[in-house]
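Trainee: Starting from the given sequences, assemble the full structure and let the hints guide the process.
There are 2 protein chains.
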Amino acid sequence: MEPAPVTEVTGRVAALQGELARKEVSLALIRQAADLYYYTGVLADGWLAVSPSHSPLLLVRRPQRRLLEAAPPWPLAFYGDLKEIPELLNTFGFAVQGPLGLELDVMPVGVARRLQKIFPQMSQQDISPLIRQQRMLKSAYEITQMRRAAAILDQALEDTPRLLKPGVTEMEVAAALEYRLRLLGHQGLVRVRTWNLELFYGHVLSGVSGVEAAYTDTPSGGPGFTAAFPQGAGLKKLAFGEPISIDLFSCVNGYVVDQTRMYALESLPERAWEAFRIIEDLYRLFEELAHPGVQPGDIFQRLWQEVKDRGWGDYFMGRGADRVSFLGHGLGLEADEYPLLTARFPYPLATDMVLAFEPKFFLPEIGMVGLEDTGRITPEGVEWLTTTPREVMVIKR
Amino acid sequence: MEPAPVTEVTGRVAALQGELARKEVSLALIRQAADLYYYTGVLADGWLAVSPSHSPLLLVRRPQRRLLEAAPPWPLAFYGDLKEIPELLNTFGFAVQGPLGLELDVMPVGVARRLQKIFPQMSQQDISPLIRQQRMLKSAYEITQMRRAAAILDQALEDTPRLLKPGVTEMEVAAALEYRLRLLGHQGLVRVRTWNLELFYGHVLSGVSGVEAAYTDTPSGGPGFTAAFPQGAGLKKLAFGEPISIDLFSCVNGYVVDQTRMYALESLPERAWEAFRIIEDLYRLFEELAHPGVQPGDIFQRLWQEVKDRGWGDYFMGRGADRVSFLGHGLGLEADEYPLLTARFPYPLATDMVLAFEPKFFLPEIGMVGLEDTGRITPEGVEWLTTTPREVMVIKR
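So the sequences go chain by chain: A and B. Residue 811 in the working numbering sits at position 239 of the first sequence; the count goes up by one each step and never skips. Residue 870 in the working numbering sits at position 298 of the second sequence; the count goes up by one each step and never skips.
Derived by calculation from the structure, the hints in this document are not laboratory data. Quantities reported herein were computed from a predicted structural model and do not represent experimental measurements. Among the hints, erroneous ones may be present.
What the hints assert, rightly or not - Dumping the calculated DSS-like pairs for lysine-lysine here, alpha-carbon to alpha-carbon at most 25 Å:
(1) A/Lys689 <-> B/Lys655
(2) B/Lys689 <-> B/Lys737
(3) B/Lys689 <-> A/Lys595
(4) B/Lys880 <-> A/Lys689
(5) A/Lys737 <-> A/Lys808
Mentor: Now the structure itself:
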């Protein structure tokens, strides 16, 4: 077990305290798993209480024994029922009045209503923008974890040429890669923030499966093999001459990277090669543009313009109304972090932001052709964290 | 692809309409993935509008083309932005006033606030109790899916005697079983309703790993192998004479079953056998008690009394403050459905409820000893859906 370094965690809370002071939030109660882990280095059925001017307190319902052993950097207070929290906070010297900061982008209304009864004199305020902005910038420790996630993904894909054969189903390939990732240390669960954004490892798609639009806000969807979870690999068999895409998350110590690679058995139609060459050009353009201080919206417009100028706009990032509104998304403890590479994302790129760039074409009757890499913004531009060679691997026998 | 039968879906909505009428809810908007699938048979970035007196309408942002092909039983209306929904509803003849029914147990405050702006004249009301009560009773179709999930779990476990060897890690066993389940048709994603209730396939634990309490509301926790997701299989190696528990979810066509089985290499300490014999007695007692009309609380008390009378209360369902408050939980499209086998669950058992029964002992320095099965309540009592023989499989070489 490798816990997050204590100085990491204490530094994060100090920065949050500064933001809470600036926004005049008297008390923040943090509960969501990814946020709680970020600010404590542990997970519990519990809440981290943070006020601008007071040492934080970790309120834990369970597991109590285990939390004592884990020794997070914050004092622990145990409770049995949520109702006990105001008095516990009082005992520890917190002021239980004024604005109450909560993660209102993810907290269910039922929980917020319960808290309103427990803290009737406090007005609930959404602190998730503060948290998401803070988490958008990654530390050296966090980037190391993402490099590790990228490294096991690259290792898992070493098997791919052996796995891809005509007649093998997408599902068989997906299952084999999932198995390999698990053995290499993928934690399994990949966290997301957005309500109803569902995922599981990622998508292994071939030929026309690649153009099945998603029911979630992701460029590729895929059929899956059940109407109850209609995404990702289905029962379609791999065939000669079709684009095969392997779009997988990898997750080590909580940190997620996202990568898409292309494969083909024997050959690809010329139109798929054309699409792939444009993707390579878009990568070059992105690398030219993605520097600290640049607005994501400007990059988004420039890339889209390039695609339209070449006459490929109809096929980029989905088809018609099923097109997604982004070309990339942030990554970290969640797969849908800030920044977003959209037309109007409000913050400029900055050093140590980490995001996935995923230009993708959806070609009717052919399939999906695109790539995805996770990159860190540095003063010199993008440094890619995902490392698998960026080519269409054509498997010949 | 096997969609849910149309009559299933139409019958469910008709029943919901009756409940909405009874509760005087003018309009319900259903969005959460499990609920949306339950009432439509499809998944989409969209909302199902249901009113007591009007044909339902499925409002879809994406994927539009795919939804037209899937042909759900309800008329479709496409939108680009949430703001367009009130006018669309008007066009289709819905009354956009009075109480607005929403899934407030799962809907984030941010989404509810957005809806409040879009429907300023409507008061938001929680319809999740109606939905959860309805979903608590399973149809023959649903029970068939759960039997299929149980069957592949049983098949996956056929490999276990070969997998369990001294020196093999919990994680290696877990990864192999996950792989096998996937190839047999496990959909991967297992849905839960409770905020921050995290899971991934389940828990493979051995010896002292079994007594690591959970950070989620589950009896067993386990160490995992990272502080970022500290549950389930860790890097501990299997050893002779320790209880090994394999607690896995299986999920087919959306429907989840939950089963725990015990294994040992060569032998188990006498105290573990004693615990196991009590577990077997608790199963017999549960089978005697679990009939339609019986209060879950009465069963809960009777089983707890039995454990205390035998002097094992200190070890049952967790230790001290880390104990869980239930002996079982409902299953269906989510792993945490109604009914709950707790002291005060408000509804009596009824025919076609499906729940997991999971009596478990946590023995210091030995490990976890317990079983779990998914059963359906019938007029004659429990009918178990999970089918793996209920024994400690002792592997001798």
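Trainee: A/Lys689 and B/Lys655 were given as a pair; does the straight-line alpha-carbon distance stay at or below 25 Å?
Mentor: This hinted pair is violated, its Cα atoms lying about 31 Å apart.
Trainee: Is B/Lys880 close enough to A/Lys689, meaning Cα to Cα at most 25 Å?
Mentor: Judged against 25 Å, a Cα distance of about 36 Å means the pair is violated.
Trainee: Does A/Lys808 lie within 25 Å of A/Lys737 when you go C-alpha to C-alpha?
Mentor: 12 Å, holds
Trainee: Mind checking the alpha carbons of B/Lys689 and B/Lys737 for me, to see if they're no more than 25 Å apart?
Mentor: 60 Å, violated
Trainee: Hint check: B/Lys689 vs A/Lys595, CA-CA at most 25 Å. Holds or violated?
Mentor: 24 Å, holds
Hint compliance for this structure: hints 1, 2 and 4 are broken, all remaining hints hold.
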